[in-house]
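Protein sequence lines correspond, in order, to chains A and B.
Its first residue numbered 226, the first sequence is counted upward by one per residue in the working numbering.
Its first residue numbered 215, the second sequence is counted upward by one per residue in the working numbering.
You can trust all of the hints, since none of them are fake.
One-sided and incomplete, this derived list gives chain B residues near chain A with beta-carbon spacing under 10 Å:
#1 VAL219
#2 PHE220
#3 PHE230
#4 GLN237
#5 LYS314
FYI, nobody ran anything at the bench for these hints, they're computed from the structure.
Ideal Cβ positions, reconstructed from N, Cα and C, are used throughout, including at glycine.
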Amino acid sequence: MSMPFYVAPEQVMKDRADYARKGIARGRSLVAVACAEGVVICAENPSSTLRKVSEIYDRIAFAGVGKYNEFDQLRISGVRAADLKGFSFSREDVEARGLANQYAQILGQVFTHEMKPLEVEILVAEVGPEAGTDQLFHLLYDGTVIDEARFAVLGGDAEAVTERVEASLGEAPDLASALRVAVGALAGPDRTLVAADLEVALLDRASVRRCFRRIEDADVSALLATS
Amino acid sequence: MQIPVFSVADDPGPDFASLLRRQGLSAAVPDGPVSAAGAVPHGTTVVAIRYADGVVMAGDRRATSGNLISHRSIEKVFPADRWSGVAIAGAAGPAMEMVKLFQLQLEHYEKVEGQPLSLEGKANQLSQMVRNHLPAAMQGLAVVPLFAGFDTRRRAGRLFQYDVTGGRYEENDYATSGSGGLHAATVVKLGFGRDTSADATVDLAFQALVTAADEDSATGGPDPTRGIWPVMATIDADGFTRLDDSDLAARYGRLYPGASA
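Chain A on its own, in the form it takes in the complex (with noise of 0.2 Å):
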């Protein structure tokens, strides 16, 4: 009779999350900004047909990285989720929170009893009322959720975005110096990206309804070009 190698359950948690990491980090990365306007959030993207950055709800919005077929399938769940509870309770009642964890839960579920992690990182973002109430709920492949404050940066370069966007980031952006921060942070010092390499999303506080919109090309080159 043969027996199975023992292998600690350590190696196993590690090899995962290896392997995660590994297949999150092939691919660009993106920044959500907390500014006067709302939430921006932009993307490194030159597909303008498959979207990194989607609507989930009225005040709520979507954004993965990673491995596209996973992250949407995600997104599509959330969009299902806060349809349902706001026609079951009402629109109020829908919140990021609430739904940022039972995200958590997938993600953590698959990690530790699939044969393979979802290699992806998302972002649960709600708009508030004024500046300042604005959440932003980080998941990582395993389930873990961070509440981050002012700003987000999700896939593989991540630490060294981040600390170009602490750099730069002023107390309290509008949302054309939020945009110019992100996409500096994202494009490093070596590189410069345009209109046509980003996907950019804005969650805007002024709407009554629904938030989210997308920033065409061409307004998105306006801003980044406004100083």
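Start from chain A and add chain B according to the hints.
The following block gives chain B in isolation, referenced to the frame of chain A:
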């Protein structure tokens, strides 16, 4: 409420109604005639008229249960999404539920698929919802909506009327529904012109509703004492815009100078 997770074969796609069925949240159909449970509020007259750049939708504010007035100020004209509106006549409860589901269905599709349905797609979707409602209609809870919108691909206003079986009929000029619909249609027919302005078309719809209220006891007319005015909206390239009550009050004063309070 948990995040719903489906296997690939079982996935409901962008269809919200099918998602509700899978979650066991759809409403049950009554077994016997609803009259056994007492009179149910019914909504009455709604009108939709095409004009040069879009569509005007209008509805009175009365709901009746048998010979009694159950509400003086219910609304029967709703935005379905940014570019379209839906107006309802028939049993008020199921009609409101249908509108709520229809609005959600359009929004859900747009979010899941990443782009909105075409106007034709929206009209067909409503047709299916009316068709699915047929068993309840047979029990006395008929809902007969009107649907109108601005077709952003054809750059023109379009309107559709339905029957209880889900039959969908696109109209070129105007459509009415509900108990006072016949009288309203006559007024619209006499005053209709293809190239009328939005303003003149709103006047025409207003007069149609006043006439319907004059002839049909289930249709409520404008009520200046209580400040209750019909719900009227235009749908054009700028989307669905509901008219202010102050605008309607001024219109009433202008159209019926003798009657104004």
